[in-house]
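Given chain A, put chain B in place with the hints provided.
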Amino acid sequence: MKVTGLLIACALAAFGADNTVTLLRNADVYPVTSPEMKGVNVLIENGKIAGIGAKIAAPKGARVIDAKGLRVYPGMIDSGTELGLSEIPAERVTVDTGELGEFMPQLRAIVAVNPDSEHFPVVRVNGITSAMTFPSSGTRGGGRGGGQAQYIAGQAALIHTEGWTWEEMAIDRSAAMHVIFPSVGRGGRGGFDSAMTEMFPGAAGGGFTLARRTYMQQVDRLSEFFDRARQYQKERAAKLPGFKPDLKLEAMIPVLEGRMPVAVAANRADVIRDAIAFADRQHVRMVLLQPREAVKVASELKAKNIPVIVGRVMALPDEEDAPYDQKFTEPGELYKAGVKIAFGTFTNEFVRDLPYQAAMAVAYGLPYEEALKCVTINAAEIWGHGAEIGSIEKGKFADLMVTDGDPLEIQTQMKYLFIKGDNVPLENKQTRLYERYKQRQ
Amino acid sequence: MKQLLTALLVCVVCGFAETPPAVAIHNARIVTVSGPVIAKGTVVVRNGLIEAVGENVAVPADAMVVEGEGLTVYPGLFDGLSTLGQPAAAAAPATNGGRGGRGQATPAVATGAPAAAATPIPRGPEDRPQTTSWVKVADEISGTDRRMEAVRSAGFTTVASFPTRGIFAGQGAVIDLLSDEKPGEMVVASPVGQYISITRTGGFGGGFPSSLMGYIAYIRQIYIDMEYYRREKAAYAKDPRGKQRPDYDRALEGLMDSPRILLPANRAVEIERILSLARELKQPAVIYGGRETFRADAIAALKKDNVPVLVSMKWPEKSRDADPNEGDSLRTLETREKAPEAPAALARAGVKFALYSDGLESARDLERAVKKAIDAGLTREDAVRALTLSPAEIFGVADRVGSIEKGKIGNLLVTRGEIFDERTKVEMILVDGRKYTPAAAAPSGGRGGAVTDGAGNGEGIR
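Quick mapping for you: the protein sequence lines, in order, are chains A and B. With the numbering used here, letter number 208 in the first sequence gets 208, and the count goes up by one each step, no holes. Start counting at 1 in the second sequence, then tack on 441, and there's your number in the numbering used here.
Bound-form chain A, shown alone (with noise of 0.2 Å):
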């Protein structure tokens, strides 16, 4: 059974290869970027976008689908994950997500990324195409194992869900240097809650003006960090004799000349602020992480230009007398404030809830195109992909999602999905358990 399994997916695998022409005829298209064409017909050569249009015919050879009545999406792109990196969280074997060490910005995801891990196969069928990985995503550094708190964890990687190996996954090898700013206190080393020691006399516990102090320090230490790099920079501009190459800071200078962006991961309001002034200083280009206060500080995102990657919106408010739909209208609330957005989700587990975090964002206040958007062209811009992903254009990958209905809607169904312009099998790990256990008397 597994082995005519993998027979078919070889088989398709070759039938899929780069040169492979398909049409899909009379499609509704819904680009993203510009009005629904209903009715056009998609031409997909080479793994790209050929042609849209009603007029366009199938070459000689090509695959024709009959897509009538369907609807052709681009795939949709989570801009924040650890695809490929981490496989079941509980099993340390198979965590791959970071790496101990300050300042480890020469580390790259892609390298680590597993193409056969079982999330890929379930995320395609809700239409995730594309994924940014990122390397120690979310946590302060060290949460697995680590001593010491991290601050550059790497660089995270554009990868597309599907491919052989890394090198044919890579959209982007190195789309932003994920940089994990310090806090306040709260649990890390010199950390305090003072919720705490108020309930529970005698419970550990700093005091602020100690967590403060450290974090001070920490900032101070990123910044030091930084400035080395531009230092080294200008070393090795001046090609002095005796220059030696140094590769952690080595791996900044892209992030120096604005080529790569920094993903700053910071939660709180003053935090945040803090990020902004760093970016400002150090003259990076910054895209805030699933920050928690961002609403508090739209107007200053908006005023600096920095794009936001709303974390998961389908959770519990952040405080205990917050409102309910806290997290379900910020998206909303950012969006009205000019701020840019994209949604991530996190957690490997909760990458499929790609769509339906966005459908969330709509039922409070986000405006339905502008989710669409925050999970495909939005996301595509933030990482400098916006030229081959992220909409239905001609030149583009042929990255598209081929269903029934809406896809942020929970009862769409998946028809076909394409990667570079690879007709995607949609089977996965579920859908043999759902096989294996409808036969079960």
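Think of the hints as simulated: they come from the structure by calculation, not from any bench. We put the beta carbon where it would ideally sit given N, CA and C, even for glycine. Since no wrong hints were added, every one of them can be taken at face value.
With a Cα cut of at most 20 Å, we get these calculated SDA-like pairs of lysine to any residue: (1) B:Lys745 <-> B:Leu716; (2) B:Lys779 <-> A:Asp321; (3) A:Lys296 <-> B:Ser770; (4) A:Lys296 <-> B:Pro765; (5) B:Lys759 <-> A:Leu210; (6) A:Lys296 <-> B:Asp769; (7) B:Lys759 <-> A:Glu320; (8) B:Lys755 <-> B:Ile815; (9) A:Lys55 <-> A:Asn26; (10) B:Lys755 <-> A:Gly207; (11) B:Lys813 <-> B:Arg789; (12) B:Lys759 <-> A:Thr209.
Not the full set, but computed from the structure, chain B residues with beta-carbon under 10 Å of chain A: (13) Arg761; (14) Asp762; (15) Asp764; (16) Gly768; (17) Ser770.
Examples of chain B residues toward chain A, derived with CB under 10 Å: (18) Asn766; (19) Glu767; (20) Thr773.
Then chain B, alone, in the frame of chain A:
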């Protein structure tokens, strides 16, 4: 008279106990607590006991007379739960809660810190983890506790002192705060109860139990074991022949010796849970903590089960070093606001309660804490009762201390002005008839009292 005054002055300076054969406080206002207030009367204390009290009591010829004009006499204050008298408790490292089980080859348990090293990690209730139920504070009491003088200066003559480390921490005693005496003299009653805690104190190095569920299960198991042990012992005592003798279990013996148990509960929901646990245990229970006893449901539950509560006077406060950006939840704010209302609410509902210091040591902090409860609605009479007769009743020593009655122990507090007022001055304290004068008003009520603020004010420069 002049001589007497000089003697008094000397006392003030050295602050030591003075033991005249008899002391008579003449023409003072007397708050007896057990009876009506005597506007102008006399109390006579002889040989450590109250010999007479009343309006028309004659002053004995041999008594040292204290002119009571303008003074008020109260029963000595009683701290309902404390670790006073255990000098080690002031700054003790976590004691090892090791095996308290049967058949242990540890030497006589005089220290309360059993088998320090090489204790195997407890795997289950049979290992009797974190249990030192056999430890009696009365055996370890010491008059050398440095905190004692400060507390006595605040008007306290008596405390219920308990060991507090471990799940079954040990047996407490009611002690009188006598300094530099034979420790045995201090004990008023022992044992008066078993201190039970269900919060992890740390330092136990893992093992069973490590969750709230485990703690509760362990407490239940101990009581089941105790019931079985009791029956087994009784059966053996009746007819030992032909029977295996039951193993001696000091953990269970310690619990059986305890006339009551002290159980922790702060939030209303905890109070409800602990009450239902206490019903199962079939041993008289007292709840300590009681932070949310300002809630009607908590009060109703306590009243229904007729369980007394020891209310901590360490009212919740925002940490001075809190994060200004971190807001407090409504619940936190409510608790902070209302916790001091709890004593008043308990008094109104007629629930038996007493106040305890919970680590507050300086006279000023204690006084402020009581004042806070009074400001929140507690009458001064109820406040006095909650720090005198009520704790005495809760610990079953109301026949000895807690009020000014003939025959009771001569623990008195003499003040100028009404008690728990900022301007009020403690003039004299009698503990067991021995006279103490408060440590000459330490600047901040601190323990040292020897702080000079000259340098800080820049006086040195001038």
